[in-house]
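Here the protein sequences line up with chains A and B, keeping their order.
Under our numbering, the first sequence has 152 at position 152, and the numbering climbs by one with no breaks.
Start counting at 1 in the second sequence, then tack on 1000, and there's your number in our numbering.
Treat the hints with care, since some could be wrong.
Quick look at which bits of chain A chain B covers, simulated, 3 or more residues with Cβ under 8 Å [claimed, not checked]:
no. : stretch
1   : 28-42
2   : 183-191
3   : 204-215
4   : 249-256
5   : 332-346
From chain A, some residues computed to sit far from chain B (all C-beta separations above 10 Å) [as the list claims (entries may be wrong)]:
no. : residue
6   : 54
7   : 100
8   : 180
9   : 245
10  : 262
11  : 328
Far from chain B, by Cβ distances over 12 Å, these chain A residues were calculated [to be verified]:
no. : residue
12  : 144
13  : 222
14  : 242
To be clear, the hints were calculated from the coordinates, so they are not data collected in a lab.
C-beta atoms are modelled at their ideal positions from N, C-alpha and C, and glycine is treated no differently.
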Amino acid sequence: MSSRDYLRQLPSHQRGPSNRDLAFRLHIDAPLLAGLLSIMAYGMFILYSAGGEDINLLMRQGMRFLVGFTAMFVLAQFPPRTFRFWTPLLYGIGLIMLILVLLVGIEAKGAQRWLYIPGFGRFQPSELMKIAVPALAAWFFRDRPLPPSFRDVAIALAIVIVPALLIGKQPDLGTALLIVISGLVILFMAGLSWRIIGAAVAFVAVAAPLMYFNFMHDYQRRRVDTFLNPEADPLGAGWNIIQSKTAIGSGGIDGKGWLNGTQSRLDFLPESSTDFIFAVLAEELGLLGILLLFALYLFVIGRCLWISYHAQDLFSRLLGAGLAITFFIYVLVNVGMVSGLLPVVGVPLPLISYGGTSIVTLLASFGILMSIHTHRSLMG
Amino acid sequence: MRLRDRQRESQIIQTRLVWTLVFVVIVLGALVSRMIWLQWVQHDRFQALADQNRVQTQPIAPPRGVLVDRHGRILADNQPDFSLVVIPEQVRDLDAALNGLRELISIDDDQIERFHTQLKQRRRAWEAIPLRSRLTMEEIALIAEARHEWPGVRIEAEAIRHYPHGDLFSHVIGYVNRINAEDIAAMDEATLANYSGTNFYGRAGIERQYEKRLHGKVGYRKVETNARGRVQQVLEEIPPVPGDEVRLNLDLDVQRAAWDALGSRRGAVIAIDPRDGGVLAFVSRPGFDPNLFVTGISLPDYAAYRDDPDRPLFNRALQGQYPPGSTIKSMMGLAALEAGVTDWQRTIRDPGYFNLPGTTRVFRDWKRGGHGVVNLHTAVVESCDTYFYDAGLKMGIDHIANFLSHFGLGKATGIDIQGEMTGILPSREWKQRARKSAWFHGDTVNTSIGQGYMLTTPLQLAQTMVVSARRGKQITPRVAMNTQPPQPKNHLVLKNPDNWQRMEAALADVLHGQRGTARAAGRGAAYRIAGKSGTAQVFSLASDVEYKKLDVAERLRDHALFVAFAPVDNPAIAVAVLVENGESGGSTAGPVARAVMDAWLLDGKGDLRDLSKPRLQPDKGATP
Chain A
1 MSSRDYLRQL
11 PSHQRGPSNR
21 DLAFRLHIDA
31 PLLAGLLSIM
41 AYGMFILYSA
51 GGEDINLLMR
61 QGMRFLVGFT
71 AMFVLAQFPP
81 RTFRFWTPLL
91 YGIGLIMLIL
101 VLLVGIEAKG
111 AQRWLYIPGF
121 GRFQPSELMK
131 IAVPALAAWF
141 FRDRPLPPSF
151 RDVAIALAIV
161 IVPALLIGKQ
171 PDLGTALLIV
181 ISGLVILFMA
191 GLSWRIIGAA
201 VAFVAVAAPL
211 MYFNFMHDYQ
221 RRRVDTFLNP
231 EADPLGAGWN
241 IIQSKTAIGS
251 GGIDGKGWLN
261 GTQSRLDFLP
271 ESSTDFIFAV
281 LAEELGLLGI
291 LLLFALYLFV
301 IGRCLWISYH
311 AQDLFSRLLG
321 AGLAITFFIY
331 VLVNVGMVSG
341 LLPVVGVPLP
351 LISYGGTSIV
361 TLLASFGILM
371 SIHTHRSLMG
Chain B
1001 MRLRDRQRES
1011 QIIQTRLVWT
1021 LVFVVIVLGA
1031 LVSRMIWLQW
1041 VQHDRFQALA
1051 DQNRVQTQPI
1061 APPRGVLVDR
1071 HGRILADNQP
1081 DFSLVVIPEQ
1091 VRDLDAALNG
1101 LRELISIDDD
1111 QIERFHTQLK
1121 QRRRAWEAIP
1131 LRSRLTMEEI
1141 ALIAEARHEW
1151 PGVRIEAEAI
1161 RHYPHGDLFS
1171 HVIGYVNRIN
1181 AEDIAAMDEA
1191 TLANYSGTNF
1201 YGRAGIERQY
1211 EKRLHGKVGY
1221 RKVETNARGR
1231 VQQVLEEIPP
1241 VPGDEVRLNL
1251 DLDVQRAAWD
1261 ALGSRRGAVI
1271 AIDPRDGGVL
1281 AFVSRPGFDP
1291 NLFVTGISLP
1301 DYAAYRDDPD
1311 RPLFNRALQG
1321 QYPPGSTIKS
1331 MMGLAALEAG
1341 VTDWQRTIRD
1351 PGYFNLPGTT
1361 RVFRDWKRGG
1371 HGVVNLHTAV
1381 VESCDTYFYD
1391 AGLKMGIDHI
1401 ANFLSHFGLG
1411 KATGIDIQGE
1421 MTGILPSREW
1431 KQRARKSAWF
1441 HGDTVNTSIG
1451 QGYMLTTPLQ
1461 LAQTMVVSAR
1471 RGKQITPRVA
1481 MNTQPPQPKN
1491 HLVLKNPDNW
1501 QRMEAALADV
1511 LHGQRGTARA
1521 AGRGAAYRIA
1531 GKSGTAQVFS
1541 LASDVEYKKL
1551 DVAERLRDHA
1561 LFVAFAPVDN
1571 PAIAVAVLVE
1581 NGESGGSTAG
1591 PVARAVMDAW
1601 LLDGKGDLRD
1611 LSKPRLQPDK
1621 GATP
């Protein structure tokens, strides 16, 4: 058996850098790439209908994908230790920018989320933190004994909570929520004891009503009210959720057919090409179309978890899993919101919703996962 | 040690990764079950909701029936009107937009208030709310120019009622205006459905009376609309059934003759064809412009009508109640004959006053010094009060009340316009009921010359002439043609029918005789007229105070009355004229009646026309 044949018969994760596959040499994980491309192609297909058959819209979305892929490809070239090295600095810069946003940020739609950087343009620091927060949490645990001590848990929580509070103050509840969850996922991965998890869940159940009455903005409280009873104001705040549920429900098993959704095409469905694009899919392609999308998502998430499982150092494992679960939380929050299970928070359907810097951030995080996977040293 | 730790740590993470995958699968499963719930279990419900969104059933208002006069000339039709509407969803700042529009064109506070009321009562989103109607061409141009500044502001066309003759027919045709919450609340379900697309409702007069016939039947259009209410395609359409054209007995020329003859004086004219009860003219002056009411009268316009001392909104012909005065003397004479208290030969001597027997109370004749020796004929022709004081007292109030009720006094005529007043035909029972007092002989004396408690509307006075011309046979007056009103049956049959003819001769001498009180009105007539003048006291003077007309302010002068029918031998028109503060029935009201009769009875050359044929050839002059 030649060495090449020997390598061939090894499972791919054991082949290491000597692998001669083109994809591997380019530091690309082919299955993950295939999954991502399938989702994006599917998304373009739905966006064509949701955006009113606007080719320009697709072109702009395609441009964003291109930028995202470039970021992914570039990041995949660096070994994980590079990320590990730069993580504290990245987090620090992100934190400073979050503070700057609150002081000198650009306001739009009642929220202060953007920072103007001369020579660079508008920038949303909270997007950077979607990667930097789980990265620093993973960095923090890289040489700690696991399961973490109580003190380590407290420090990790601080790493997560401080930026989340700053983002929540903008206010951008959706992103703050995503960041908190991505940090908690790292804690969970690090072996947080089930007892603490149980206690935390109980605490949230008690604290949520208190939050509602004491700490929420009026508009946030209204969102919760609308979520609990959308019919109270069917022409106003409840409109979005009633119309999206109607779109989903009227789609049925096999849908009304591509380009034939009445709810979206007659403009009853708001934000049909952005946050509520899932309802368009559900209306036109029905339950079968949804199952196909979920299968693709499950494949991508599964692949990411698989990569984390086989990662060689603690930092890579924790970060990989954190990024994978963040991606999944996007799906959960968006679908939950559109189908009336969760309150309306502005979270896009990942890789499908039109626009947003989130596409670039998401693809960048997949670049990190590919880096984790393609920079392993051959194990004995 | 360190190595073992590593092993354990990677085991922890790997276990947790498996847990994570399990979590992902469970959550995805939960989302899938949510989708199954929405898309499979609840599919029918959401399908229906989606269709409700998409498919709108829009009512199509039927065109309102046109009103035409007896010769087919249009009295009320429908014309396109342009109004300014606002779709609040498309307007960023509603108050700013309203203020901006007010700078552009005139919109008063009243209209703004109405706009806000309708905004609150809206049934669905994206519904357009009217802000101002009756835009002029300049206003349309101004708005069109500025339309990019005001998204959500549109100009819409709708058919609105139009009255080409303005105030001429205002008190008989009435008007329509915007349907309101009260109208809707009063409707049963079927009517409500029929009015789902209708914006206007008959408010007064013929428009109100024949609302049902004029309205028609609503049509429907099933359309697919988008969320902004814009129609994408028509799926199905049931056209509306237009309202019936209602032809009226009114004659535009007779109406105009009556209107013009009254001139600027306040008053009323009713002309009825006694052969069929058809109302030829129904005038109350001053009138109002019904077109102002259609889209909602402005406050200043309404205040001008309301505060006008001439009371243009008051329907004198239908609701004005006046003492009939001497106009009832022919009927009093017939009553006396019927009671046997007098005959055509009997004479009395009139000293110019009547002394109520057994008292010192004196009732004056209108003529100082009296009429001398008078019989019934001369008493009618010269309108001798004393003769009727005497006859009235002799026959008694019970007989008077009973006899006069056959002429329609004291009750509604049953004309097809709502709001008719009944006047008062006094009787013992009436006085006991209304005044809680016994009847006195003095009351009878007053009643016998149409004063005292007695009140009649001009319409009732015309009706007395209709019954007189028909020699006791009653008929209900009608404004609209081809309607079958319930006909009264208590016809008056005299013991001696010849009395009708002799009384007609007396009434003819009022206009054509040497000493008739209305000689001026009968002069040069191409036909013979039976008529009677009268005056209605505006306020009573003590019986011993001389009435000096120059001393009395214009508004306190007597009302002039005149009733007539013609031609005497073949009556084709009965008329009643009231001129408020006109003083002399014969010389003020009489010529008005004459003008109306001429308009109806004469042909183009000034000769009496063939009354068996329509006055105008069908479709001749059908254009106004």
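Handout entry: chain B covers the stretch 183-191 of chain A, three or more CB atoms within 8 Å, holds or violated
Key = holds (count 5)
Problem - 12 Å cut-off, C-beta based - residue 222 of chain A kept clear of every residue in chain B - result: 18 Å, holds
Handout entry: Given as non-interface: residue 144 of chain A, which should sit over 12 Å from chain B by C-beta
Key = Since the minimum Cβ distance to chain B is about 9 Å, residue 144 of chain A lies within 12 Å and the statement is violated.
Problem - Residues of the stretch 249-256 of chain A with Cβ under 8 Å from chain B, three needed, outcome - result: Coverage by chain B holds for the stretch 249-256 of chain A (5 residues, Cβ < 8 Å).
Problem - Exclusion check [residue 180 of chain A not at the chain B interface, CB over 10 Å] - result: 16 Å, holds
Handout entry: Coverage criterion applied to the stretch 332-346 of chain A (partner chain B; beta-carbon cut 8 Å; 3 residues)
Key = Coverage by chain B holds for the stretch 332-346 of chain A (5 residues, Cβ < 8 Å).
Exercise for the section: Check, residue by residue, whether the stretch 204-215 of chain A contains three or more positions whose beta-carbon lies closer than 8 Å to a beta-carbon of chain B, and give the verdict. Expected result: violated (count 0)
Exercise for the section: Hey, is residue 54 of chain A genuinely clear of chain B, shortest beta carbon separation above 10 Å? Expected result: The claim stands: residue 54 of chain A keeps its Cβ more than 10 Å from every Cβ of chain B (closest is about 16 Å).
Exercise for the section: Decide, holds or violated, for the assertion that all CB atoms of chain B are farther than 12 Å from the CB of residue 242 of chain A. Expected result: Violated, because the least Cβ-Cβ distance between residue 242 of chain A and chain B comes to about 8 Å, which does not exceed 12 Å.
Problem - Nearest-CB test (10 Å) between chain B and residue 100 of chain A - result: Label holds. Min Cβ-Cβ 31 Å, cutoff 10 Å.
Exercise for the section: Establish whether the coverage given for the stretch 28-42 of chain A by chain B is satisfied; the threshold is a Cβ-Cβ distance below 8 Å, and no fewer than three residues must meet it. Expected result: violated (count 0)
Practice task
Please confirm whether residue 245 of chain A is truly not at the interface, meaning its C-beta sits more than 10 Å away from all C-beta atoms of chain B.
Solution key: Violated, since 6 Å does not exceed 10 Å.
Figure legend: structure checked against the earlier numbered hints; hints not met, in rising order: 1, 3, 9, 10, 11, 12 and 14.
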